[in-house]
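There are 2 protein chains.
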Amino acid sequence: MAHRATLTQVAQRAGVSIASASRALNGLVASPATVDKVRRAADDLGYVPDASARALKMGATGQITFAVDDIGNPVYVEMMTGVQEVVAASGFRLQVTATGGTRDVADVLDLLRSMRRGYADGLVLSPLRVTAELVAEIAATPIPVVVIGRLPDGAGVDTVMTDSARGVALAVEHLHAQGRRRIAFLNGPGDTTPGAARRRGFDDAVAHLDVVASTHEAADFTMAAGREAAHRILTAAGRPVDAIVAANDLLAIGALHAAHDLGLDVPGRLAVTGVDDTSLAEIVHPPLTSVSLDSRRRGQLAAELLTRRIEDPTRAPQVLSVPPLLHVRGSSAPTPQAGNR
Amino acid sequence: MAHRATLTQVAQRAGVSIASASRALNGLVASPATVDKVRRAADDLGYVPDASARALKMGATGQITFAVDDIGNPVYVEMMTGVQEVVAASGFRLQVTATGGTRDVADVLDLLRSMRRGYADGLVLSPLRVTAELVAEIAATPIPVVVIGRLPDGAGVDTVMTDSARGVALAVEHLHAQGRRRIAFLNGPGDTTPGAARRRGFDDAVAHLDVVASTHEAADFTMAAGREAAHRILTAAGRPVDAIVAANDLLAIGALHAAHDLGLDVPGRLAVTGVDDTSLAEIVHPPLTSVSLDSRRRGQLAAELLTRRIEDPTRAPQVLSVPPLLHVRGSSAPTPQAGNR
DNA sequence: CCGGGCGCTGTAATCGTTTCCAGGAAGCGC
DNA sequence: GCGCTTCCTGGAAACGATTACAGCGCCCGG
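Residue numbers (my numbering), protein chains in the order written: chain A, 1 to 341; chain B, 342 to 682.
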């Protein structure tokens, strides 16, 4: 807990003015002799420039904020990794803020408002729910914002999206090709952006296929909610479903558990697919077929958009998209009798 | 991207001096009339105080940094959650920095040095490896640091530890009580702090038990490394082991996979236990018996120590400890046919 | 020998806040 | 009416850095 040296002290010790000291340290015009003296003095004192003072003077903090709704979900961890990679490479520091639970949209508004204090030079945001208020607040934020997700058309904000509707369709088509004909869709809350998109994808996909389809909503994008909802699906009266398409990996894993609880063989009696292709997909048994939306890549792209916009705030807003990709694993294996486990 | 209003503008609009404006907004002495005028002006202009300027003047940023080695491990996510809870409640903002991969200790030193720039008012650190250099650098850091883990005695740093050696012993004793007698310890890198402690715990525990014990090291605290090492353990010549004690959940899950690859029934032929009791333990099948070190609680405690020290930097350094707790689940069920859960 | 240009330096202003200090206007008791 | 306290206010100095500007010495050509 030693005390910090200031530029004034360095200048004093080197016997020059603070202006010269600053110039010497920043590689601006200065005689070799001065540079040498100042360098030595700075080293002796262990001088490091103060971030707040520099930020105040320069009008830039060198920080970027990533706001995430639910740190518990590995998806966001992966996104964060992607963001961090790019952000660190550009010389920024990453600041992560958890905007509370999934239920509260007020939190993220608070965050946006607090950004006006100038904590960071840019913000990456991945909101679960998009309201008009949110869009307005983003527009009013004095620093560049990049959204991972989907905003209303013409929002004029840099965005990285993915076609998760198409992703769900990929899963449905895959299951259909494997001969599954009674497919249930296990969605998260329908009023969230991903919930709405994935439901649309499911509906569109089943519309032109000869399958018996049904849709169900879990209370949350969590494993517990998925397990509970899957129980309902699997114990409902009538002919049993032979496949569950879950809107995300956590829900899918909940479905795997429900199947196990009920003694249903996966993939023999029931196929299950997830979305996000998180690390969890390879951890469970049977390994989970899942649609990758490449969260890490989305994080990288978002960070790139952001750093580019910080450099040149006049750029036209850009919308990038990452295509979904189906990863087939054991949970949707073609034939029952392959019988792993 | 509207431009930001400054206190000067607010004061002008309210027709008072900036001193009065500042006082009015901060609830210091000011007449009701002034407060009213200033409030109104501030609202009109959408004024929010600038963080950098305030930080410069006050010498405090209102930020706390949490440095984590490996965001991929759910343990750290849980710790982060705990830290965030306390930190947010105290009015600080949390900044998370990933200090690269597990292999590089230089990173965390860089981070510590960069803290001297005054980015934050405090730092929570959970280092995987502790070197003399690290301890020295911590001592030289101008802001309070709290370490989650274990430092050399007398380091004089606030610390939150857990008795992970005892934790491993709990697992061993449990397995012994269930009748397991040929127990393998699946450790991560032995040169890490947790690796060393857990190995010690294992050695001590088996020393006074009638078991055949062996120790093995995986390259990393990851599932892939655990699977690979467990393969070696399970295919070694001689009488087969009937239990694997893994040094963490990821390794344990790797072992579950290896067992499955080899067609070994868990818990029938082989019991497996993990450490950390992460959310993954309940995701796998059979659910993993694991020793909880309550990462979230450790995060909370660390954050509390930190905020308290920030308030009063003269406090004597404190070392807190969280006791390990064994959570028995299916992967170590007593008898194959009991099949609980 | 003198003036212009060049290279380097120091003084001082500035970023947006907070806060010390001095001073003015009331209010009060006498 | 006078002195005192009380309350509020504005001016100005910080915090630690960057940087515009002016000034200094020196070299060089004419």
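It is worth saying that the hints were derived from the structure and are not from the lab. Fair warning: there could be bad hints in the mix.
Output of the computed footprint for chain B on chain A, the stretches with three or more beta carbons under 8 Å from beta carbons of chain B [to be verified]:
{"no.": "1", "region": "49-61"}
{"no.": "2", "region": "170-177"}
{"no.": "3", "region": "313-319"}
Not close to chain A: a few residues of chain B, all C-beta gaps over 12 Å, as computed [as the list claims (entries may be wrong)]:
{"no.": "4", "residue": "Arg-345"}
{"no.": "5", "residue": "Ala-374"}
{"no.": "6", "residue": "Gly-413"}
{"no.": "7", "residue": "Arg-491"}
{"no.": "8", "residue": "Asp-545"}
{"no.": "9", "residue": "Glu-652"}
{"no.": "10", "residue": "Pro-664"}
We put the beta carbon where it would ideally sit given N, CA and C, even for glycine.
Q. Of the numbered hints stated previously, which ones are contradicted by the structure, given in increasing order?
A. 2, 3, 4 and 6
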